[in-house]
Structures are given as C-alpha cells and as structure tokens.
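My request is simple: use the sequences and hints to build the entire structure.
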Amino acid sequence: MTLPRQPRSTALAAAAPTNRRTLLAAGLGLAAWLGAKPLRAAPERGAPKTLRIGYQKYGTLVLLKGRGDLDRALARQGVAVAWSEFPSGPPLLEALNAGAIDLGSAGETPPIFAQAASPELRYVAAEPPAPRGEAILVRRDSPIRTVADLRGKRVALNKGSNVHALLLRALEKAGVPYEAVDTAFLAPADGNAAFVRGAVDAWAIWDPYLAAAERATGARTLATAEGLTPNRQFYLASRTITETAPGLVAATLDVIGAIDAWARDNTASVAAELAPAIGIPAQVLAVALERQSYGVAPLDAGAIAEQQRIADSFHALKLIPKPVRIADAVWTPPAGRNG
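Just so you know, we're using this note's numbering here: the sequence shown kicks off at 12 and counts up by one.
No lab work stands behind these hints: they were computed from the structure. A portion of the hints provided could be inaccurate.
Stated by the list, open to error - Pair ranges (Cβ atoms, derived):
1) E190 x E254: 38 to 44 Å
2) S129 x G186: 41 to 47 Å
3) G229 x K164: 34 to 40 Å
Claimed, not checked - Distance condition first, Cα-Cα at most 25 Å in a straight line; then the derived SDA-like pairs of lysine to any residue:
4) K76 x P98
5) K76 x A127
6) K329 x E183
7) K333 x A127
8) K76 x A327
9) K329 x V341
10) K184 x G238
11) K76 x Q88
12) K164 x D339
13) K170 x K60
14) K60 x E105
15) K170 x K333
16) K76 x T61
17) K170 x T61
Fair warning: this is a prediction, and the values are worked out from it, not measured in the lab. All C-beta atoms in this analysis are idealised placements derived from N, C-alpha and C, irrespective of residue type, glycine included.
Laid out in structure tokens, this is it:
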C-alpha cells in the first residue's frame with residue numbers, strides 16, 4: 012500500500028458527520044479558553060496590515076488555520092492573516108529568509124540551515140521534545156536489524172529536515188560514519204514511494220507520515236529519536252517582524268499557545284478534524300498526535316544548547332557552509348510578554 016496523497020486545500024474540510032457533536036463541544040471549549048485569556052494590547056503602529064504565516068499540512072498551525080481563531084483575533088486588531096502551505100520545513104524557512112512570509116513552524120534542523128544561509132531568522136518559541144514522533148523505518152521483511160546494518164545502504168530522508176539530525180545521531184551512536192550511508196534526499200511523498208517499491212533500504216520520516224507508513228506497510232522501526240535527538244517543534248519569525256512588531260508576534264503566540272493547550276486534551280477531536288484535509292485516517296492521526304508534544308514557551312537554555320549541538324555537528328560534516336550561533340537568533344519578547 013502507498014500513503015494517500017495529501018490534497019491541497021485552502022481550508023480544512025468539515026469533520027465527518029459522526030464527529031460533529033464531539034467537535035462542536037470541543038470548539039466551544041476552545042472558545043471559552045480564548046475568551047478567558049484576552050489578547051494583549053494592539054500591535055505597534057508600524058505593524059503590517061497582514062501577517063503572512065507559513066504552515067505545513069500537519070501540526071498546530073494547520074489546525075489554527077482551519078478553525079480561524081487567529082484570523083478572528085487579529086482582525087479585532089486590524090490585522091489580516093495570509094496563509095501559505097509548504098510541504099516541509101526547509102522550503103518554508105527559505106520563504107521566510109526571502110521575505111515571503113513572516114512566521115511559521117519547523118523542526119530542529121531546518122532553522123539551522125536557514126540561519127546558516129541568512130541572518131533573517133528568529134526563534135520565537137518552542138514546544139517540548141517529542142522524540143517518538145520521528146523514526147528510521149525499514150520494510151518488515153528487511154534483513155536490516157540494527158542501525159549499524161545501514162552501512163553501505165541507501166536511506167531516504169528530506170534534506171535539512173528534523174530527521175536529518177536523527178539519522179546523523181543514530182549513525183554516530185552505532186559507530187557508522189555518515190559518509191558510509193548512501194543518502195537519497197527525497198520529500199515525504201517521494202520518500203514513501205521509494206520506500207514502498209524497494210528503491211531505498213530505509214526511510215527516516217516524521218509523523219504523521221511515520222504513523223501512516225507503519226499502518227499501511229507494516230514497516231519496522233529501526234530507531235526512534237529517543238535518546239538521540241529531542242525532535243522539538245520551533246516557531247520561527249523573520250527578524251523584520253520581531254523588530255517592527257514584537258507585540259503582534261507575542262499576540263500570535265498567545266493564540267497558538269491556547270489552541271495547543273486545547274489540542275493536548277482533545278486529540279481524538281483534532282484527529283477527526285484534520286483527517287479530511289491531510290488525507291490520512293483519523294485513527295492513524297490519533298497515533299501521531301499521542302506522540303506529539305504540547306506547550307508553547309520561549310526557548311530555554313536547554314533547548315538552545317541542544318540546537319547548538321546539532322548545528323555544530325552539521326558544520327563539522329560540512330553540511331552547512333559556516334558555523335552558526337543559535338543564541339544569536341533567539342528572540343527576547345518585550346518586557347511583560349513572556350509567551
């Protein structure tokens with residue numbers, strides 16, 4: 012079986028009829044949450060009239076887009092929201108560096124590549140580690156049993172994505188040089204196709220594609236990120252927007268934090284709501300959501316140190332052209348605005 016193609020959509024499709032009552036109740040709960048947490052003061056006078064957000068097909072931002080909570084909240088401050096969909100973190104952050112979007116989210120590795128390419132990126136918030144949400148898969152009948160067996164084998168992954176760091180750490184722990192593996196840099200859909208037809212020996216991938224592959228193909232997990240790399244989700248913004256409209260960034264993070272907290276306690280409802288747009292069954296998404304982490308907060312010293320460790324490893328292997336200092340790209344919220 013192959014994974015379902017993810018249809019492009021400008022809005023989340025309605026949930027299945029059998030889930031409408033559940034979703035309505037959950038939606039009212041979220042509305043109460045947002046109502047109990049007033050938005051901060053209106054953005055600065057120099058704030059843009061439109062906040063441009065990049066999102067991927069899965070995660071808090073696509074849920075936020077579908078529900079319209081941020082659009083309504085910022086509309087009260089005279090700011091519209093323009094949403095742009097991206098297939099993964101690397102192209103999303105390329106767009107941020109190019110000035111095409113103001114804010115988005117990505118895993119650990121894309122921001123490191125983006126920071127190496129431009130000084131424009133700023134880390135504005137992070138979610139806790141979710142190491143079970145990414146893994147290196149092999150087919151169920153594969154003779155590969157350990158990461159050490161990947162020596163000389165072909166491994167598919169999305170270059171510069173969070174699983175790039177996972178593969179690096181897994182090989183390092185197994186005593187296998189990175190260069191001893193034949194890497195095939197493929198986007199998720201192409202990686203899945205190559206994995207299913209046997210064109211690659213292993214596939215490093217993240218949820219929900221991970222959960223879908225486990226269900227559709229019976230793939231075996233060679234290694235998750237547990238004990239190897241945190242697999243954090245970061246919220247990133249452009250240097251320009253953080254300098255000209257820090258209040259707008261902070262207000263946006265307030266709404267993201269509220270829906271993230273709601274989603275933590277309503278994974279079944281979230282899965283039912285996202286399934287039609289993503290093209291993955293709700294029961295599969297529920298598995299991915301249970302492995303996801305929740306809780307939006309400013310970066311702490313631990314998160315910065317973990318990112319720096321990954322960045323240093325990539326520079327040592329010449330995967331990025333120059334060293335980067337993660338702390339230089341971490342945004343400090345205005346006084347009294349701590350996410």
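Right, here's what the structure says about each hint:
1. E190 x E254: 38 to 44 Å: Because 41 Å falls inside the window, the suggested range holds.
2. S129 x G186: 41 to 47 Å: 35 Å, violated
3. G229 x K164: 34 to 40 Å: Violated: the Cβ-Cβ distance is about 19 Å, outside 34 to 40 Å.
4. K76 x P98: It holds: about 16 Å lies between the C-alpha atoms, which stays within 25 Å.
5. K76 x A127: 29 Å, violated
6. K329 x E183: Since the Cα atoms of K329 and E183 sit roughly 16 Å apart, the hinted pair holds (cutoff 25 Å).
7. K333 x A127: Holds - the C-alpha atoms of A127 and K333 are around 6 Å apart, at most 25 Å.
8. K76 x A327: Measuring from Cα to Cα gives roughly 38 Å; hence the hint is violated.
9. K329 x V341: 23 Å, holds
10. K184 x G238: 10 Å, holds
11. K76 x Q88: This hinted pair holds, its Cα atoms lying about 18 Å apart.
12. K164 x D339: 37 Å, violated
13. K170 x K60: 34 Å, violated
14. K60 x E105: 22 Å, holds
15. K170 x K333: Judged against 25 Å, a Cα distance of about 17 Å means the pair holds.
16. K76 x T61: 15 Å, holds
17. K170 x T61: Violated. K170 to T61 sits at ~31 Å, over the 25 Å cutoff.
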